[in-house]
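A.B. asks: Sequence:
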Amino acid sequence: MKTSYRLAAPIYLDWNATAPLLPEAVEAMIHAAQVGWANPSSVHAFGRAARGMVEQARVAVAELTGADPRDIIFTSGGTEANNLALRSLFTQENQGILALSRLEHPSVLRVAEQLERERKARLRWLKIRPTGEIDLSDLAHALKQQSIRMVTLQAINHETGVIQPIEEALQLIQNHPHTHLHCDAIQAFGKYHKPALGADSRSIASHKIRGPKGIGALILKPGISISPLLLGGSQERGMRPGTLDPVAAAGFAAAARYALGLPERYARLSQLRDQLERELLAIAVDARVNGKTGPRAPHITSITWPHWKGDELAAALDLEGICISSGSACSAGTIDPSPVIEAMYDRERALASTRISLGDTTTAREIQEVLQGFRRVLTRR
Numbered sequence: 001m002k003t004s005y006r007l008a009a010p011i012y013l014d015w016n017a018t019a020p021l022l023p024e025a026v027e028a029m030i031h032a033a034q035v036g037w038a039n040p041s042s043v044h045a046f047g048r049a050a051r052g053m054v055e056q057a058r059v060a061v062a063e064l065t066g067a068d069p070r071d072i073i074f075t076s077g078g079t080e081a082n083n084l085a086l087r088s089l090f091t092q093e094n095q096g097i098l099a100l101s102r103l104e105h106p107s108v109l110r111v112a113e114q115l116e117r118e119r120k121a122r123l124r125w126l127k128i129r130p131t132g133e134i135d136l137s138d139l140a141h142a143l144k145q146q147s148i149r150m151v152t153l154q155a156i157n158h159e160t161g162v163i164q165p166i167e168e169a170l171q172l173i174q175n176h177p178h179t180h181l182h183c184d185a186i187q188a189f190g191k192y193h194k195p196a197l198g199a200d201s202r203s204i205a206s207h208k209i210r211g212p213k214g215i216g217a218l219i220l221k222p223g224i225s226i227s228p229l230l231l232g233g234s235q236e237r238g239m240r241p242g243t244l245d246p247v248a249a250a251g252f253a254a255a256a257r258y259a260l261g262l263p264e265r266y267a268r269l270s271q272l273r274d275q276l277e278r279e280l281l282a283i284a285v286d287a288r289v290n291g292k293t294g295p296r297a298p299h300i301t302s303i304t305w306p307h308w309k310g311d312e313l314a315a316a317l318d319l320e321g322i323c324i325s326s327g328s329a330c331s332a333g334t335i336d337p338s339p340v341i342e343a344m345y346d347r348e349r350a351l352a353s354t355r356i357s358l359g360d361t362t363t364a365r366e367i368q369e370v371l372q373g374f375r376r377v378l379t380r381r
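In the UniProt record's numbering, the protein residues as written are 1 to 381.
Hints were generated in silico from the structure; no laboratory data involved. Only true hints are included.
In silico DSS-like pairs for lysine-lysine, Cα to Cα no more than 25 angstroms straight-line:
| id | residue 1 | residue 2 |
| --- | --- | --- |
| 1 | K221 | K120 |
| 2 | K213 | K194 |
| 3 | K120 | K144 |
| 4 | K144 | K221 |
| 5 | K309 | K292 |
| 6 | K194 | K221 |
| 7 | K127 | K144 |
| 8 | K292 | K127 |
Make a model of the complete structure from these sequences and hints.
C.D. replies: This is how it looks when you write it as structure tokens:
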């Protein structure tokens, strides 16, 4: 008779999905809820107190990202920021070419595909190298052969952790002044110092750095303005109207201040990630690391398990108290394979993949317990 086993406390290794709320952010939000609850657009004392919290957040985020506070446009999160960046440049029919790859996050891919359906943009799909990076020579060819209105390129892939060549892309685009470079910097935000600093626009999200959900930002390069998606207010310099939430802003500010020290904390995770990969591949000798030959962020690993479906393995590990991601998107009751892994390899490999993402509080002891849990699950087949 098999004996079931579950960890005393679940171990969370899905930090790419979201990060645990920082205690300092909770404290800041409780304080803001008590003294900064007013409408920050109001000119009276209560409104000014709320406005002060929003502006403190703007300054904290600016320091973390290397931006001017005036160029930070608060949004409801990373998805809205990506939508705002893309849709603001393609507002009418036949407004040019949008270049991107199949590696992008759905909040970029789906918007781009919709813009194509609306005949507002023509899409130029960039080739992908075996390393999981975009093909820079293909980007150079596209820039030379066509008038590209926007290139959108993520800083770090959300599933494989592969670091995209943002600096090299910037060098190629600098000779094309009419081409806008947007960077989805959501997974790099807080893990690297001032990611994609030279991009024309960058999207970030508070909850990736242990701040609250429901707030993010689009960061613009000085001198760049965009068309709003919404109308009805002058907030955020008219580019994103709507009443700002000072409570969420206070939590975002606390997380941003904490994140100033995150790059060093994340750098140490490469040893834990490498140990995890090494020992998992010793347990399952036919498993493969996706994007292993490319430059990778230190806290992410995507692994294909030939004898498992990714969602089934994630569910089995959940019963062991180990929380990871299958890398699949659940929509309308159906499980689809990871579009990133499918773009890099094939559908079969995508269906058999999982994503493990570590965070700044992940410990060596937790990794050992996770390995024990994997061993119990993988040896059942």
